[in-house]
Amino acid sequence: MTRARTTLLLVGIVLITVNLRPAIVAVSPLLDGIREQTGMSGATAGLLTTLPVLCFGALAPLAPRLSRRLGPEAVVVAAMLLLLAGILVRLSSSLAVLFAGTVLIGGAIAVANVLLPSMIKRDLGHATGMAMGVYAMALSAGGALAAAITVPLQDGIGSGWRTTLALWALLAVPAVLAAGGWLLLRRRQGGGRRAAAADVRAARSRAAISLWRDPVAWQVTLFMGLQSLQFYAAAAWLPTIFADHGFSESRAGLMLALATIVGTLSSLVMPILAGRALDQRRLVVTTIALYALGTVGLLAAPTAAGPLWMALIGFAQGAGISLALTMIVLRSPDPEHAAALSGMAQTVGYLLAATGPFALGALHDASGGWTVPLLVLLVLLVPLLLSGLGAGRRRTVGTAPVAERVGAAAVSTT
Numbered sequence: 001m002t003r004a005r006t007t008l009l010l011v012g013i014v015l016i017t018v019n020l021r022p023a024i025v026a027v028s029p030l031l032d033g034i035r036e037q038t039g040m041s042g043a044t045a046g047l048l049t050t051l052p053v054l055c056f057g058a059l060a061p062l063a064p065r066l067s068r069r070l071g072p073e074a075v076v077v078a079a080m081l082l083l084l085a086g087i088l089v090r091l092s093s094s095l096a097v098l099f100a101g102t103v104l105i106g107g108a109i110a111v112a113n114v115l116l117p118s119m120i121k122r123d124l125g126h127a128t129g130m131a132m133g134v135y136a137m138a139l140s141a142g143g144a145l146a147a148a149i150t151v152p153l154q155d156g157i158g159s160g161w162r163t164t165l166a167l168w169a170l171l172a173v174p175a176v177l178a179a180g181g182w183l184l185l186r187r188r189q190g191g192g193r194r195a196a197a198a199d200v201r202a203a204r205s206r207a208a209i210s211l212w213r214d215p216v217a218w219q220v221t222l223f224m225g226l227q228s229l230q231f232y233a234a235a236a237w238l239p240t241i242f243a244d245h246g247f248s249e250s251r252a253g254l255m256l257a258l259a260t261i262v263g264t265l266s267s268l269v270m271p272i273l274a275g276r277a278l279d280q281r282r283l284v285v286t287t288i289a290l291y292a293l294g295t296v297g298l299l300a301a302p303t304a305a306g307p308l309w310m311a312l313i314g315f316a317q318g319a320g321i322s323l324a325l326t327m328i329v330l331r332s333p334d335p336e337h338a339a340a341l342s343g344m345a346q347t348v349g350y351l352l353a354a355t356g357p358f359a360l361g362a363l364h365d366a367s368g369g370w371t372v373p374l375l376v377l378l379v380l381l382v383p384l385l386l387s388g389l390g391a392g393r394r395r396t397v398g399t400a401p402v403a404e405r406v407g408a409a410a411v412s413t414t
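If you use full-length UniProt numbering, the sequence shown corresponds to residues 1 to 414, in order.
Just so you know, these hints were derived from the structure itself, not from any lab. Hints are supplied without guarantee of correctness; some may be wrong.
[Unchecked claim] Pairwise CB distance ranges, derived in the manner of DEER restraints:
| # | residue 1 | residue 2 | range |
| --- | --- | --- | --- |
| 1 | Thr163 | Thr44 | 15 to 25 Å |
| 2 | Arg69 | Leu299 | 31 to 41 Å |
| 3 | Ala85 | Ser367 | 32 to 42 Å |
| 4 | Arg393 | Thr163 | 48 to 58 Å |
| 5 | Val379 | Trp212 | 26 to 36 Å |
Cβ coordinates follow ideal geometry from the N, Cα and C atoms, glycine included.
Work out the full structure, taking the sequences as your base and the hints as a guide.
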């Protein structure tokens, strides 16, 4: 592959991936205003922030099926158009349309989440670490941008939260164009695509069946789900936690922005380190340790050293998501298995992650504070560590040791 084509694909990845978080993350800093204007309860607000993650899990299985029928590039183009539509319909004054637009956004992102890693493995397999680093960095950068400028944007234009959320459509337009460019680039290649597509369909079908009993696939899936739970719970409630400790709305939003900015840096570096390492277990341990330090600090002294705790948590968040995404690629022997593993990890993982924002809100309402919710997040770092140690070993799906396969089969029959 030429350097020019590699660069073009990387630019396309950035333009698409940077859109996979802002439409969701931008809701959190505006949540108090949304609740005030709409009369939402805490539980309903929790559902609004959780709904995209539920869509990630529920709709992720559709992505490989659509890809087999239409091709991944065409599906990603459709997903970006759906994302644009979902952002724009939130201009409506109807609360039902707000939730409907959120579902459209969640569905679009679910499809792109699944297909982009397998497309990277297929087209940029010679530079997996760098490509996944760019992908993860763009993912974090989009979230950081939304967290940092959403409230100042609302204040600057002097409009309500609906217009502020709709402005993110401006970022989605280049994503549609980039996805279309990727589609045209693939179609120009030509040559024997029908036979290749038949082989891909058969391989993906075999992979989708076998992975549900594969211990490596489950370890990757649990790591993906538990780190996503930590991320989305924090993204939904950290601004509120700081606001409850006396921070202004703008300053509380900046705390979340700090975490996502630091996470952007770690998400670029971590896949490169992971790609060079014999296995990723040391990187997993480092990530969990930083999560633990940041969470303990947030419990003990949230106002005294808030930026420090957010920097630690942000670094761990960026490292966690980029490690999870990179391990999907590294634990897969080919693009077909990568698509199947990505679909499985994001289906189960995001359904697990969807419990985070809602559960934290419910625990806060029940306990009257944030100590219990943060302690629960701290305890959940233990299974995150264990699954990460398993997923970090140098193996691929379908090639786990026989003893593990027998154990997995025994568990599945009990």
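Hints, one by one, checked against the model:
no., hint, in the structure
1, Thr163 to Thr44: 15 to 25 Å, "22 Å, holds"
2, Arg69 to Leu299: 31 to 41 Å, "49 Å, violated"
3, Ala85 to Ser367: 32 to 42 Å, "39 Å, holds"
4, Arg393 to Thr163: 48 to 58 Å, "49 Å, holds"
5, Val379 to Trp212: 26 to 36 Å, "28 Å, holds"
Hint 2 from the earlier list is the only one contradicted by this structure; the remaining hints agree with it.
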